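S.K.: Per my numbering, residue 1 is the first one in the sequence shown, and the count goes up by one each step.
These are computed hints drawn from the structure, not numbers from a lab. Treat each hint with caution, since some may be false.
[What the hints assert, rightly or not] The list that follows gives simulated cross-link-like pairs (lysine to any residue, SDA-like), each with its CA atoms no further than 20 Å apart: (1) Lys330 - Gly358; (2) Lys330 - Gly320; (3) Lys307 - Ala284; (4) Lys119 - Pro103; (5) Lys304 - Gly320; (6) Lys209 - Ala232; (7) Lys307 - Pro337; (8) Lys209 - Gln246; (9) Lys115 - Gly143; (10) Lys304 - Ala284; (11) Lys307 - Glu289; (12) Lys377 - Cys344; (13) Lys330 - Ala284; (14) Lys209 - Asp219; (15) Lys283 - Pro337; (16) Lys307 - Cys344.
Here the structure is a predicted model, which is why all the values come from computation and not from measurement.
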Amino acid sequence: LEVVRPAFGPDAAPDGGGDSELRSCTVCSVPVIGEGAAKRSKACGHALHADCVRALRRLCAVSVCCKCRGPLDRAMSMPGCKGQRLVDEAANLLAQAKVVADPPRIAAVAEQLLKEAIKEDPEYTRAHIAHAAALAFRGDSDGELAELRAAVDLAPDEVWARRALASALLQRGDLEGALEHCQVAIGAEDKYGLHADSLFLYGCILEQKAASPFGAPQDLDAADMAYRMAGAHDPQHGEAHARLSQLCQRRGQPEEAGAAMSMAVTAEPHRSERHLAFASLLKANADVEGELAALRAALRLEPKHAKARCALGLAMARQGDLATAEIELKMAAEADPRATDSRCFLAHILEELGDLQGAQAAYREVLAIEPTHPIAKRGLAELGGFMSAPDP
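All chains, full assembly: derive it from the sequences and hints.
M.R.: Written out as structure tokens, the structure reads:
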């Protein structure tokens with residue numbers, strides 16, 4: 001109760017009359033004073049502080065009256081209702097659609113379920129948010145925005161809706177609108193300390209604004225601060241640490257960039273791209289042992305990571321171990337049949353090792369992928385083996 005209890009005066013008392021029970025908040029038992037600070041459940045008429053309702057939803061995932069178990073309102077339907085079951089099923093389908101062979105068909109089924117959920121309860125906010133995600137999946141940005149605006153109209157304090165709308169507006173280049181809705185989301189979450197995601201999104205918006213014609217130098221300072229605050233609120237927010245690292249790199253702050261990326265790796269040690277980005281920073285700082293360790297960590301997670309294999313091959317070449325470099329670059333080429341960089345680097349290594357035929361073969365593979373590749377054409381010409389690239 002101490003978490004959700006609003007800061008009302010201790011001497012406040014309910015108005016006179018026989019319905020004092022209806023005027024005392026069913027969450028914290030503090031009398032409800034003022035229409036602006038209260039709302040009533042449509043099902044039972046019991047009064048609740050608006051702050052208590054928000055706290056119940058966010059901290060306890062509860063959306064029923066504490067006194068009679070009636071729904072607080074229709075915007076957040078009771079757990080177990082048909083609409084919620086439909087939304088849960090659709091959400092699972094959308095998750096599957098990202099990895100199955102026929103995503104449009106799966107997404108279409110999810111969208112149909114969500115339409116049914118909205119028909120069942122037109123004021124169910126979560127159904128509108130999920131429907132927006134389904135529409136975005138198939139590229140209907142106008143429909144996505146319409147559904148998110150509907151969700152915000154139904155529940156102006158619903159953080160998920162505000163944040164999703166801000167993200168959608170950011171993708172469309174509406175930076176002012178994105179900032180407005182993101183600020184509302186941060187304000188709604190601020191008192192509960194649960195707004196790392198909103199702060200992270202706020203930093204992304206400010207970073208893009210700084211790069212626009214309407215940007216200002218202080219926008220980057222604000223983005224830097226937003227990323228730091230997001231990481232402070234949630235130390236496991238790897239994306240916030242990684243974006244802060246990239247921003248510090250662009251601003252010429254290598255030590256801070258390395259520290260932030262180290263935190264990203266600590267937060268998300270299971271993501272190979274975090275280790276790969278950390279290796280790149282360590283390379284720039286001439287930390288050879290650290291770079292090799294980071295690259296090997298990435299490859300332990302994803303042995304066929306073509307970029308990590310290529311980077312490890314180049315790192316070994318810089319150390320003079322050309323034999324190991326050749327092996328790693330060949331594995332990188334096998335991991336990505338369309339990669340030209342790893343094949344060009346392999347050709348250079350094979351030249352150094354005296355395998356000119358192997359170098360020619362590597363250059364020809366590059367030209368089979370990209371017939372006008374200038375480095376491969378020049379390399380073959382220098383080796384005296386230039387041949388017209390086969391038709392791709």
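S.K.: Indicate, hint by hint, whether the structure satisfies it.
M.R.: For each hint, the structure was consulted:
1. Lys330 - Gly358: Since the Cα atoms of Lys330 and Gly358 sit roughly 11 Å apart, the hinted pair holds (cutoff 20 Å).
2. Lys330 - Gly320: holds (17 Å)
3. Lys307 - Ala284: Holds, because 17 Å separates the two Cα atoms, which is no more than 20 Å.
4. Lys119 - Pro103: Cα-Cα ~24 Å, so violated.
5. Lys304 - Gly320: Roughly 24 Å separates the two Cα atoms, so the pair is violated.
6. Lys209 - Ala232: Roughly 23 Å between the alpha carbons, so the hint for Lys209 and Ala232 is violated.
7. Lys307 - Pro337: holds (12 Å)
8. Lys209 - Gln246: holds (16 Å)
9. Lys115 - Gly143: This hinted pair holds, its Cα atoms lying about 13 Å apart.
10. Lys304 - Ala284: Violated - the C-alpha atoms of Ala284 and Lys304 are around 24 Å apart, more than 20 Å.
11. Lys307 - Glu289: The given pair, whose Cα atoms are some 18 Å apart, holds under the 20 Å limit.
12. Lys377 - Cys344: Within the cut-off at roughly 11 Å; holds.
13. Lys330 - Ala284: At roughly 25 Å apart (the allowed maximum being 20 Å), Ala284 and Lys330 break the hint.
14. Lys209 - Asp219: Satisfied, since the Cα-Cα distance of roughly 7 Å is no more than 20 Å.
15. Lys283 - Pro337: Roughly 26 Å between the alpha carbons, so the hint for Lys283 and Pro337 is violated.
16. Lys307 - Cys344: OK: Lys307 and Cys344 at ~14 Å, within 20 Å.
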